[in-house]
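Since the structure of chain A is already known, use the hints to place chain B with the ligand on it.
Quick mapping for you: the protein sequence lines, in order, are chains A and B.
For what it's worth, the numbering used here labels the leading residue of the first sequence as 1, then goes sequentially.
For what it's worth, the numbering used here labels the leading residue of the second sequence as 1, then goes sequentially.
No wet-lab data here; the hints were simulated from the structure.
Don't be surprised by glycine CBs; every beta carbon is placed ideally from N, CA and C.
Mixed in with the good hints, there may be bad ones.
To be verified - Partial pick of chain A residues on the chain B-facing surface, computed with a CB cut under 8 Å:
{"#": "1", "residue": "Leu7"}
{"#": "2", "residue": "Ser18"}
{"#": "3", "residue": "Leu39"}
{"#": "4", "residue": "Asp42"}
{"#": "5", "residue": "Glu43"}
{"#": "6", "residue": "Phe123"}
{"#": "7", "residue": "Cys141"}
As the list claims (entries may be wrong) - Calculated lysine-lysine pairs in the DSS-like style (CA-CA distance at most 30 Å, straight line):
{"#": "8", "chain 1": "B", "residue 1": "Lys168", "chain 2": "B", "residue 2": "Lys193"}
{"#": "9", "chain 1": "B", "residue 1": "Lys12", "chain 2": "A", "residue 2": "Lys140"}
{"#": "10", "chain 1": "B", "residue 1": "Lys14", "chain 2": "B", "residue 2": "Lys28"}
{"#": "11", "chain 1": "A", "residue 1": "Lys59", "chain 2": "B", "residue 2": "Lys375"}
{"#": "12", "chain 1": "A", "residue 1": "Lys80", "chain 2": "A", "residue 2": "Lys59"}
{"#": "13", "chain 1": "A", "residue 1": "Lys134", "chain 2": "B", "residue 2": "Lys140"}
{"#": "14", "chain 1": "B", "residue 1": "Lys375", "chain 2": "A", "residue 2": "Lys134"}
{"#": "15", "chain 1": "B", "residue 1": "Lys168", "chain 2": "B", "residue 2": "Lys375"}
{"#": "16", "chain 1": "B", "residue 1": "Lys305", "chain 2": "B", "residue 2": "Lys98"}
{"#": "17", "chain 1": "B", "residue 1": "Lys14", "chain 2": "B", "residue 2": "Lys375"}
{"#": "18", "chain 1": "A", "residue 1": "Lys140", "chain 2": "B", "residue 2": "Lys412"}
{"#": "19", "chain 1": "B", "residue 1": "Lys98", "chain 2": "B", "residue 2": "Lys14"}
{"#": "20", "chain 1": "B", "residue 1": "Lys12", "chain 2": "B", "residue 2": "Lys305"}
{"#": "21", "chain 1": "B", "residue 1": "Lys98", "chain 2": "B", "residue 2": "Lys411"}
{"#": "22", "chain 1": "B", "residue 1": "Lys140", "chain 2": "B", "residue 2": "Lys98"}
{"#": "23", "chain 1": "B", "residue 1": "Lys305", "chain 2": "A", "residue 2": "Lys134"}
{"#": "24", "chain 1": "B", "residue 1": "Lys411", "chain 2": "B", "residue 2": "Lys28"}
{"#": "25", "chain 1": "B", "residue 1": "Lys375", "chain 2": "B", "residue 2": "Lys171"}
{"#": "26", "chain 1": "B", "residue 1": "Lys193", "chain 2": "B", "residue 2": "Lys375"}
{"#": "27", "chain 1": "A", "residue 1": "Lys140", "chain 2": "A", "residue 2": "Lys80"}
{"#": "28", "chain 1": "B", "residue 1": "Lys375", "chain 2": "A", "residue 2": "Lys140"}
{"#": "29", "chain 1": "A", "residue 1": "Lys140", "chain 2": "B", "residue 2": "Lys28"}
{"#": "30", "chain 1": "B", "residue 1": "Lys140", "chain 2": "B", "residue 2": "Lys375"}
{"#": "31", "chain 1": "B", "residue 1": "Lys305", "chain 2": "B", "residue 2": "Lys28"}
{"#": "32", "chain 1": "B", "residue 1": "Lys411", "chain 2": "A", "residue 2": "Lys140"}
{"#": "33", "chain 1": "B", "residue 1": "Lys168", "chain 2": "B", "residue 2": "Lys98"}
{"#": "34", "chain 1": "B", "residue 1": "Lys14", "chain 2": "B", "residue 2": "Lys193"}
{"#": "35", "chain 1": "A", "residue 1": "Lys140", "chain 2": "A", "residue 2": "Lys59"}
{"#": "36", "chain 1": "B", "residue 1": "Lys98", "chain 2": "B", "residue 2": "Lys171"}
{"#": "37", "chain 1": "A", "residue 1": "Lys59", "chain 2": "A", "residue 2": "Lys82"}
{"#": "38", "chain 1": "A", "residue 1": "Lys59", "chain 2": "B", "residue 2": "Lys411"}
{"#": "39", "chain 1": "B", "residue 1": "Lys193", "chain 2": "B", "residue 2": "Lys140"}
{"#": "40", "chain 1": "A", "residue 1": "Lys134", "chain 2": "B", "residue 2": "Lys412"}
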Amino acid sequence: MAGLEDLYREIILDHYRSPRNRGELATPPAVRIEGFNPLCGDEIVLYLEVTDGVVSDVKISGQGCSISQSSASMMSAAIKGKDVGEVRALIRSFKAMMSIPESGHEHDDGPVEEIGPIDPETFGELAALQGVVKFPVRIKCATLSWNTLVQALDEAAAN
Amino acid sequence: MAIKQSEYDVTKIKSDFPLLDRVQDGNKIVFLDSAASSQRPYSVLEAMDDYYKTTHANVHRGVYAIAEEATRRYEEGRLAAGRLINAPDPAREIILTKNVTEAYNLVAYTWGRANLHDGAVIVLTESEHHANIVPWLMLKQERDITIRYIPIGDDFRLDLSNLDEMVKGAKFVSVTGASNVLGTITDLEPIVKAAHRAGALVMADGAQLVPHRPVDVQALDLDLFGYTGHKLLGPTGIGVLWARAAILEEMPPFLGGGEMINDVRLDGFTTNELPWKFEAGTPPIAESVGLGAAIRYLEEIGLEKIAAHEAELTNYALDSLCEHFPEIEIFGPGARTERRGGVISFRFGDIHPHDVSQVLDQHGVCVRAGHHCAKPLMRRLGVNATTRVSLYLYNDEHDVDVLIEALTAVKKMFA
Ligand SMILES: Cc1ncc(COP(=O)(O)O)c(C=O)c1O
Numbered sequence: 001m002a003g004l005e006d007l008y009r010e011i012i013l014d015h016y017r018s019p020r021n022r023g024e025l026a027t028p029p030a031v032r033i034e035g036f037n038p039l040c041g042d043e044i045v046l047y048l049e050v051t052d053g054v055v056s057d058v059k060i061s062g063q064g065c066s067i068s069q070s071s072a073s074m075m076s077a078a079i080k081g082k083d084v085g086e087v088r089a090l091i092r093s094f095k096a097m098m099s100i101p102e103s104g105h106e107h108d109d110g111p112v113e114e115i116g117p118i119d120p121e122t123f124g125e126l127a128a129l130q131g132v133v134k135f136p137v138r139i140k141c142a143t144l145s146w147n148t149l150v151q152a153l154d155e156a157a158a159n
Numbered sequence: 001m002a003i004k005q006s007e008y009d010v011t012k013i014k015s016d017f018p019l020l021d022r023v024q025d026g027n028k029i030v031f032l033d034s035a036a037s038s039q040r041p042y043s044v045l046e047a048m049d050d051y052y053k054t055t056h057a058n059v060h061r062g063v064y065a066i067a068e069e070a071t072r073r074y075e076e077g078r079l080a081a082g083r084l085i086n087a088p089d090p091a092r093e094i095i096l097t098k099n100v101t102e103a104y105n106l107v108a109y110t111w112g113r114a115n116l117h118d119g120a121v122i123v124l125t126e127s128e129h130h131a132n133i134v135p136w137l138m139l140k141q142e143r144d145i146t147i148r149y150i151p152i153g154d155d156f157r158l159d160l161s162n163l164d165e166m167v168k169g170a171k172f173v174s175v176t177g178a179s180n181v182l183g184t185i186t187d188l189e190p191i192v193k194a195a196h197r198a199g200a201l202v203m204a205d206g207a208q209l210v211p212h213r214p215v216d217v218q219a220l221d222l223d224l225f226g227y228t229g230h231k232l233l234g235p236t237g238i239g240v241l242w243a244r245a246a247i248l249e250e251m252p253p254f255l256g257g258g259e260m261i262n263d264v265r266l267d268g269f270t271t272n273e274l275p276w277k278f279e280a281g282t283p284p285i286a287e288s289v290g291l292g293a294a295i296r297y298l299e300e301i302g303l304e305k306i307a308a309h310e311a312e313l314t315n316y317a318l319d320s321l322c323e324h325f326p327e328i329e330i331f332g333p334g335a336r337t338e339r340r341g342g343v344i345s346f347r348f349g350d351i352h353p354h355d356v357s358q359v360l361d362q363h364g365v366c367v368r369a370g371h372h373c374a375k376p377l378m379r380r381l382g383v384n385a386t387t388r389v390s391l392y393l394y395n396d397e398h399d400v401d402v403l404i405e406a407l408t409a410v411k412k413m414f415a
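Isolated chain B, as found in the complex:
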């Protein structure tokens, strides 16, 4: 067994999450699907509850104490969202959306329409989530744009050998920061450098990155970035788009309505300042409060420590799986490799992922079975679906041991 991190108390962390106490048919839940959506600690639930009980009013409108307080609490969530990724000017550059999917749609719809005309080239990768493919394909239905895809190699990593050629002439390069299927963490630096040399903007998808390790958008020299609240202990219904202010200033608005305007006449309107220009209608106020609380929870434990815990546990899980099941085929880098996160996708002999996860459920083990919203990547891997285990800060070796036991039962059933 690996060395324990002295100050990382996973038992205490687990006890902060009420759902993990759930017992199902006599089995305590073993939650191994945080890549789809994480659970929430008491502090997040309490912050949202407290907001509704004591402070709720619409934001940026009322001139009364409660409304001002609500506005302050909403904006605090924004500041926390920026602080987490070291955004230079969070008060203006953080746009709160419904989820990261909406952030991508916002960028493709506004920046894309304003900047990508017939003949334009953008670059994505083979391992993107549909959120970073479909909005661009929708634009492609209207305009004659070319989408190039950085391929993945046999080591499941992006093949960067032809990078300069790939980004040549491109206006926009958009890559995932960490794959939700393969567990790979993208080496962003060479991609950002090549893209900038070619004069392209770079956006990274932080959905699977920000919950698990420290991220600094300035050090990475990114231009745009997105992540989603429900995967980092926050509520559903809130996502984050960050972009450099100069880019946001130039972008046309997205949804129209209240809040995003400066003035409206019967024959026209002017837009509000950043960031509200992109936030039409009543925003997700309690969700922003919850997101802020989630970020504080993560910061208190420390993302470095969370990353180290997950790395240890990932090695333990990979070793256990390979040791117990020679027939397992893991789609992703092996144990003790650099830039590897806690997402483990696999084929379990001939047994279909649906059947695997159904039997695991009987043991209280929650995993994901399916294409993980990455069908092009599934085609590349030559499978329709995989079983995916994903580890987070509250998982421990016991969870992995229960998984192994349950997988043994799966094998027996379908033998």
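Only chain A is shown next, with the shape it has when bound in the complex:
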């Protein structure tokens, strides 16, 4: 069995204790998307504002476990100020990191790119979530905010 220290890294606990970008945004201009994890009842509400192809602001509310909350918090910090193309690329890489190669599920966002060792440049703190893969039931917790982000980007693009 994998050790808990693989899961609960210090950075993760830090984001859990002091989550970044908590709150709400006015809609419009922001879009508001709710994501649910039917397994545990966790919910996340994501507010996303895209201006001229750039994520100009993002806020998160809702409740959940340390993994879902810290993943959302790190995600918000990672995408703020990035352009939509970069954000989509980051989502793909993140999902690839979260995939379990052996059983090969969780690939609901198209084919997964082969990724090599996690690139600390792109991932920064997000790399701390890598250990979640060893705890398959928690992968859904880590990917909840990212799936919600995909929906939010689609909705923002449609507006």
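Showing chain B with the ligand alone in chain A's frame:
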């Protein structure tokens, strides 16, 4: 420490369950999730194994010794399932299903469609498992029926103060016998009386009741009842629906196919007698054998004794939890209250149930974290999820002590 029941040997009982011997990362398993599914004793595993090794053939078909024996063993499981709840005519009134969820779907699909037309009213409660909500909501998508929910009060019990008003005009009242979240045991008597006065049929969900205490469907004056095999030491893949024969006779069949028919022509069919009318296709034969063995195991120990053991242990657990963790909030009645079972759901300060159960797992302690298939109840409680500890006949005070130690580690990690 409470007085020990003289003849209740929990150490011996524990040793009957091979899975409880499992060691994980150096920790012996402490299994506190029997409300989700219990473990099986050797006698159940051996009965099923023996059936497959010596007696397997399809039932109700072959005219040869093995097939007849298989049929007899399958039907013995049915009789045991009826005996356990004192069904008046088990040979006809016990329908073997896949689980209790299927029993509810069967009732909603057949009785519901035949009897609930536009304008009909049924009554459920706020503390139902999804199994007793969703099949009715599915019917409601097709028909203009009204579902009323008996609320729960601040004491976590069903609020029966407005019962007569609640059941007025209803055709069907369906309530859980024991909550899988709150640990409450329903006072069925006033509900059954009020429902019958209003002319409604009453069904109770025995999933969390039958494994833990004696149940008598005749004394309770119920009309329909369901329970599930895997929560009472039996195998998965088998559930029980009991209903009075007169009700079953009137109900249209559920699934169609072999076994449930009397005659089939190219343009029609007639249905088989009870109970086979509701058992299409090859039934869960080995599972029925296993269920019978599980029931015998419970009967040998005695459900009264099991109930007394669990009550003592529940008090011990509630006391220990409250004593060690002032921040704990228990969603359910306290220690030493009437009609309280061994299910303990709680909030552990601000720490999310997923995180609680993940760290407990590191100590070999298995508990459930989540909404427990009762989302309407979770909303009522104002939470997304709870951590749930559930106690059964093989748990002891040492299990509770390990839980307390492990929870202390949880607290340290997330402080
Ligand atoms: C009260 C209650 N009803 C129904 C069920 C459903 O049981 P099954 O999944 O075996 O159909 C459960 C089990 O989770 C339960 O606790």
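request  = Taking the numbered hints from earlier one at a time, note which ones the structure violates and give those numbers from smallest to largest.
outcome  = Those not satisfied are hints 2, 6, 9, 13, 17, 21, 23, 33 and 34.
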